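**Q** Sequence:
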Amino acid sequence: MRNSSISGETPPNRGPERRPAARFAGRALTYGVFGLAGLLFYLSAHAAHGTDLRTDNALLQLSDVMRQRSDQNQQTQAELAALRQRAGRLAGRRDGDPADTAKLAALQRAAGLDPLRGPGLSVTLDDAPPDATARIPGVPEPGVNDLVIHQQDVQAVVNALWRGGAIGVQVMDQRLIATSAVRCVGNTLLLQGRVYSPPYVIRAVGRTGDLRSSIDADRAIRNYLEYVTAYGLGWKVQESAGMVLPGYTGSTDLREAAGR
1464 MRNSSISGET
1474 PPNRGPERRP
1484 AARFAGRALT
1494 YGVFGLAGLL
1504 FYLSAHAAHG
1514 TDLRTDNALL
1524 QLSDVMRQRS
1534 DQNQQTQAEL
1544 AALRQRAGRL
1554 AGRRDGDPAD
1564 TAKLAALQRA
1574 AGLDPLRGPG
1584 LSVTLDDAPP
1594 DATARIPGVP
1604 EPGVNDLVIH
1614 QQDVQAVVNA
1624 LWRGGAIGVQ
1634 VMDQRLIATS
1644 AVRCVGNTLL
1654 LQGRVYSPPY
1664 VIRAVGRTGD
1674 LRSSIDADRA
1684 IRNYLEYVTA
1694 YGLGWKVQES
1704 AGMVLPGYTG
1714 STDLREAAGR
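Okay, so the sequence shown: first residue is 1464 according to the working numbering, each after it adds one.
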């Protein structure tokens, strides 16, 4: 309902009723301001985690942390340099124990750090043509997953070669070591931080007869060969009398380990 007066003047008989309301409103506003200030102080202290947020103190603390980290890094680098020098002396020392030198060389070869040459097999896997159809009467028409290479296909070949006595294995242009993991993301291969597209080439040095026998006996590979026959997936095995595998050049640090 609108006020009957538009001049802003208050009728005389309403004055005594307005004074208590104005006093109450003023007190409430004062309490609200103090409450808000207290809340701001709490939030500031909580954000600082008990430290002073002023610029000078914060910079001093940050400077101390940086000096500590710098000292730690310098110490670590010095230790690393000393270890590298020691490793270099052990590897290049000619007057040392021949047994230790031979043992070190054998460990490097077994770890896959040295190039490798010898007879071996090369296995190539490839996707089928995107418009491939069933090649055998009675076989259902393929889906998308039937026409591409999967992680288990590559792993089956790698595992069969190791079981066949391979001395070294290479996938694409990278040598495998004990911590190598073959992973597929979609229709691409992820290996040691690099991504590859098919065809996938897997090479192994070893006795070719044993390698081929292990491949022929592998159940997962036999299942894959059924898709080769039915839909035209790529499969090729070649022998080489003088295959050369490069040494592994990546990091040998173990970052993750799966537990049981």
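Be aware that one or more of the hints could be misleading.
[Stated by the list, open to error] Estimated spans, in silico, between C-beta atoms of each pair: (1) 1630 <-> 1679: 17 to 23 Å; (2) 1697 <-> 1648: 17 to 23 Å; (3) 1599 <-> 1709: 21 to 27 Å; (4) 1593 <-> 1614: 37 to 43 Å; (5) 1670 <-> 1593: 21 to 27 Å; (6) 1602 <-> 1705: 22 to 28 Å; (7) 1670 <-> 1641: 34 to 40 Å; (8) 1602 <-> 1704: 17 to 23 Å.
It is worth saying that the hints were derived from the structure and are not from the lab.
Just so it is clear, the structure is predicted and the values come from calculations on it, not from any experiment.
For every residue, glycine included, the Cβ atom is placed at its ideal position computed from N, Cα and C.
**Q** Range hint 34 to 40 Å: satisfied by the CB atoms of residue 1670 and residue 1641?
**A** 21 Å, violated
**Q** Using the Cβ atoms, figure out if residue 1602 sits within 22 to 28 Å of residue 1705.
**A** 41 Å, violated
**Q** Holds or violated: the 17 to 23 Å window for the beta-carbon distance between residue 1602 and residue 1704?
**A** Check failed, 38 Å falls outside 17 to 23 Å.
**Q** Just to be sure I understand the hint, the distance between the Cβ atoms of residue 1670 and residue 1593 should be within 21 to 27 Å; is that true here?
**A** With a Cβ separation near 38 Å, residue 1670 and residue 1593 fall outside 21 to 27 Å, so the hint is violated.
**Q** For residue 1697 and residue 1648, compare the CB-CB distance with the range 17 to 23 Å and indicate the outcome.
**A** The hint (17 to 23 Å, Cβ to Cβ) holds, given that residue 1697 and residue 1648 are roughly 20 Å apart.
**Q** Can the suggested window of 37 to 43 Å be confirmed for the beta-carbon pair residue 1593 and residue 1614?
**A** 20 Å, violated
**Q** Could you see if the CB distance from residue 1630 to residue 1679 stays within 17 to 23 Å?
**A** 20 Å, holds
**Q** Range first: 21 to 27 Å. Now tell me if the beta carbons of residue 1599 and residue 1709 are that far apart.
**A** Cβ of residue 1599 to Cβ of residue 1709: about 40 Å, so the range 21 to 27 Å is violated.
Hint violations for this structure: numbers 3, 4, 5, 6, 7 and 8, all remaining hints satisfied.
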